[in-house]
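Turn these sequences into a full structure, and let the hints steer you where they fit.
Sequential numbering from 934 applies to the sequence shown in my numbering.
Simulated from the structure, these hints should not be mistaken for laboratory data.
There could be a bad hint or two in this list.
[What the hints assert, rightly or not] Cross-link-like lysine-lysine pairs, in silico, DSS-like; alpha carbons within 27 Å at most:
1) 992 - 1060
2) 1060 - 1079
3) 1127 - 1019
4) 1122 - 1056
[Said to hold, decoys possible] Pairwise CB distance ranges (calculated):
5) 1061 - 1123: 21 to 27 Å
6) 1179 - 1115: 34 to 40 Å
7) 1078 - 1173: 34 to 40 Å
8) 1150 - 1050: 26 to 32 Å
Beta carbons are placed, not taken as given, at the ideal position from N, Cα and C, and that holds for glycine.
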Amino acid sequence: MAENKLKLEDLLGGFQRAEEDERIDYVAIIGGGLMGQGIAQTIGAAGLDALIVELDELKVEESKGLITENMEREIARWAMTQSEMKSILSRLKWTTDINDVVECDLIIEAVDENYDLKKSIFKQIDKIAQPNTIFISNTSTLSLTKIAEVTSRKDKIIGMHFLNPVPKVPLVELVRALDTSDKTVNIIKKFAAKIGKTAVEVYEYPGFVTTRAIVPLLNEAMHILLEGIATAKDIDTAMKLGYNFKMGPLEMADSMGLDEVLGWMETLWATLGEPRYRPSPILRKYVRERKLGKKTGEGFFKYDEDGKIIY
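In structure tokens, the structure reads:
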């Protein structure tokens, strides 16, 4: 009888250890830009703690300021309360020392779409993080298998493609790399649900589902504008009223950031070689002129401080 009791205790202890290994309370986000800020806010709103890693103190202050401004705009729209904002901010920490991620249960990379940069980060954190820590990339177009090559934990690498604005879009794409384990997928599905996201599982392919599907639409709208067929306002009105879009394609591109959209198109064009992904010349022109959309106050439209179009 004592033997059976011991075995039962061992079994229960094993379950407890497994639950502890899968528990996610403290999340590191590498990159405090637009996507990193949105991910951090979402995690904080779900009652979890987040650590945002940035290059230097200037970037840290900029990131803090922007995330606070964004929530203050939500308060002005009655979409958030002061106490909710304070609660979220109390759960967020910033650092310039990447070694601090050693304390985190999960690490999310949210830097620019650049293989060398992402590989460099994954190689570095692989040496720092605990052996069971899962690494997530927020890439929208790049191969996770290639990124995972530089780590010793290929089974614990997964893509989690958030869409902007992260706090408002209820969807996330979970992307398997070649060696991603079922256990990793299941843990991250639970994490996605915990932070209020519906997860769709997709296999690795340039652009996955959302980016691959939306980019040709944005590109075609830009070509229509370039060819003088209709104004930006009329193009967006046609798509909103004709197809029940909440937002027209040109305003959507402005919301995403025209530099981001150009980056996606260039990656898909280079990888797949399909003309539908070749960036419209007008997009390149606006990016050269630093008219990047809502974040700079001007893109295909001009915007006020609250991100509303000025006609």
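ask   = Can the restraint linking residue 1127 and residue 1019 be considered satisfied, given a maximum Cα separation of 27 Å?
value = Roughly 20 Å between the alpha carbons, so the hint for residue 1127 and residue 1019 holds.
task = Could you check the hint for me, namely that residue 1150 and residue 1050 are 26 to 32 Å apart, CB to CB?
result = The hinted range 26 to 32 Å holds for residue 1150 and residue 1050, with Cβ atoms some 28 Å apart.
inquiry  = Does residue 1056 sit within 27 Å of residue 1122, going by the straight-line distance between their CA atoms?
reply    = Answer holds: residue 1122 to residue 1056 is near 25 Å, not above 27 Å.
key: Beta-carbon spacing of residue 1061 to residue 1123 - inside the hinted bounds 21 to 27 Å or not   = Holds - the Cβ-Cβ distance for residue 1061 and residue 1123, about 24 Å, lies within 21 to 27 Å.
Pair hint residue 1060 and residue 1079, alpha-carbon separation not exceeding 27 Å = holds, 18 Å
query = How does the Cβ-Cβ distance of residue 1179 and residue 1115 compare with 34 to 40 Å: does it lie in that range?
reply = holds, 35 Å
Straight-line alpha-carbon gap residue 992 to residue 1060, limit 27 Å = holds, 24 Å
ask   = Is it true that residue 1078 and residue 1173 lie within 34 to 40 Å of each other by Cβ?
value = holds, 38 Å
This entry satisfies every hint, going by the numbered hints stated previously.
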